[in-house]
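Protein chains in written order, with the working numbering: chain A, 51 to 272; chain B, 232 to 447; chain C, 1183 to 1429.
Treat the hints as calculated values from the structure; they're not laboratory data. Careful: at least some of the hints might be erroneous.
The calculated DSS-like cross-link candidates involving lysine-lysine, where the alpha carbons are at most 27 Å apart (straight line), are [stated by the list, open to error]:
1. C:Lys1194 - C:Lys1211
2. C:Lys1317 - A:Lys193
3. A:Lys196 - B:Lys357
4. B:Lys341 - A:Lys193
5. C:Lys1194 - C:Lys1416
6. C:Lys1317 - C:Lys1194
Derived contacts from chain A toward chain B, CB cut-off under 7 Å, selection only [claimed, not checked]:
7. Pro115
8. Phe125
9. Gly126
10. Ser129
11. Ala210
12. Phe232
13. Ala234
14. Tyr238
15. Leu240
16. Tyr245
17. Gly249
Covered stretches of chain B, going by a simulated chain A footprint (3 or more residues, C-beta under 8 Å) [as the list claims (entries may be wrong)]:
18. 284 to 296
19. 379 to 388
20. 401 to 415
21. 420 to 429
Keep in mind the model is a prediction, meaning the values are calculated, not measured. Beta carbons: idealized from backbone N, C-alpha and C, even for Gly.
Single-letter residue listing:
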Amino acid sequence: MLMFRDVFAYSDMLLSGLLTSIVLCGLAGFAGFALAIFCAELKRTVPGPASWAVSAYVETIRNTPFIVQLFFIYFGMASLGWRMSPQAAALVALSLNAGAYFTEIIRGGLMDGSRGIREAALAQGMTPLQVYLRIVLPPALAKVDKPLVGQFVLIFLGSAVISQISVEDLTSAAQFVQTRTFRAFETYILVTAMYVSVGLSFSLAYGRIRLALFPWLRELRQ
Amino acid sequence: MSQFTTWGIVSTIIGKLPWTLCLSLIAFLGGAVVASLLTLLTTLGSRLADACVSMVIATIQSMPLLMLMFLCFFGLPLLQVNVSPLLAASVALIAFTAAFLTETWRAALKAVPRGQWEAAMASGMKHGDTLRVIVLPQAVRIATPGTVGFLVQVVKATALASIVGFMEITRAGTVLNNITYRPFLIFAIIGALYMAINLPISLLARRLERRFTFNN
Amino acid sequence: MSQVAPAIEFRKVSKWFGDFRVLSEVDLKIGKGEKVVVCGPSGSGKSTLVRCINQLERHQQGDILLGGTTVAGNAAHIRGIRRRVGMVFQQFNLYPHMTALENCCVAQRLVAWRSRTEAEDVARAYLERVRIADKAGSYPHQLSGGQQQRVAIARALCMQSEVLLFDEPTSALDPEMIREVLDVMVTLAGDGLTMVCVTHEMGFARQVADKIVFMDHGRIVEEGAPSDFFRQQKTDRAREFLAQILH
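Starting from the given sequences, assemble the full structure and let the hints guide the process.
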């Protein structure tokens, strides 16, 4: 029989682990988003080495496992003399990971249909930065916001791996509880449920605030 | 103090490459078989079966893959199954793959226009024949880029098997790192190996996708 | 005669797309307040001609002067030129995420540094001018093509530039909406603005143009008053072109 009582005794610990997971992923989400906004436009507008560098970054991240990226940043960088706390390394790895996936998604949104408004804005005398941030980016984001949110949730779920460099996240809390209670299966069922419900709640919550972020979609007939 | 030269490290890691490939293949083929069955189940027209399949897919896709692996690793023994890391990882990865492929393939079947079914049935073809001769070939074309692209996700996902103790290249890396402490070299090599496997697949998937979009 | 610099002057302007020469040694003077209609078969370079004035396309040879200053230069110089030239596009190109009012305000705020209230006052005045003030709060996708193009005209007017360029402003419109846009343009023509308009609407040309420029293969083939142009074409190309679009 499954016995959850022993596991519930550690609920404070699990919740604090969950909080760590959420905070790290939230920060990484913002950092990755900022990075992606920059990279997506860089790749589109600056041909040559800058664009190649963005491609190399995006392809490297997308074609290697997150855990290897994490180990490379935490252990590899330290061996070069750039020592980071586990939390900092996790934050850097999660941000770089999010940045690469977000770059591709945002580029998809920028691709079609932005030429005309870009030209109109340039013809009005706006600077390229104004054109991008004020005119081209908002409608592009509105087109790809759901994939972006989906990807963010995937990154949150994938963040379970940061327990492997001893960040005290939800998974690492689970591993601790499991060794104390000998109730591994129950612990992981509970923790899985926590991951699932946070991920789903985030998607649902986003669905509710979506129209506040993009008010012009309100009356758009599909 | 360590007997590992640079070349020793490289060859040890490459020596474990077959296990990464092997696990990827198990996951992909196993997942494809399960996904075929589930997809077939949903073409039979039972609402209940359809809803159940959707539920299972949604559940698997909304949980961390690592948790799925832990649940297999610690849950299967409760069913009196003797669990090796390879078995636990395989089961979890097959479930993960099956969920994605079922979703992709179902969507591909739905993307074939309703009129194709109607035209074939109107000409007197049976349900099964219509599916096999008319609808499937079109659905396969739609599903191919996504399926090929997912292979990259599978190869990357096998790295998580290292956490439950399966000795593939990432596991080899963590072990070697503990012995030699040359993490920069070790994880760069491992990253490069994953790139070498995945980049060609990614490029192929993108090409297939572009060809598909042009033809439509 | 006083020496007033023309509003726009082309001096032996040439431009290539790769090997293809889109403009060859174009010479053209447009006086202040003049209304010029540019016409010609597709691929004749008429859009390119207009787009070179605000440097959406860069020319490679010759010189284009706006009120006496050359338009070519670094990015900041070109932004200064664009500040003085308004443009209306075939596809309207309204910013999809902004209301009609916001479409009219954004460049006033970002480029002309006007305050929010000033920008909104100006915007409302011009939306009134193009008879669409009641749609100030609507998003582009809620407006018909004709309404969108009128908002686009108001947006261009808000910058209070010296010159207004129209690049086939009615070509993307359904026939029943062309009239409402042309009516607005006719009203504007009475205002003393310098207007350069690429269009096939010969009725409009006859009604408001001071000068018609006919282009073919990147050259200006004919140039003159509409009355002369419509009565007697000097070239076969122009005769064929007119015969085609008038029937």
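**OP:** Enumerate the violated hints, using their earlier numbering and listing them in ascending order.
**Re:** Violated hints (numbers, rising): 3, 6, 12 and 15; every other hint is consistent with the structure.
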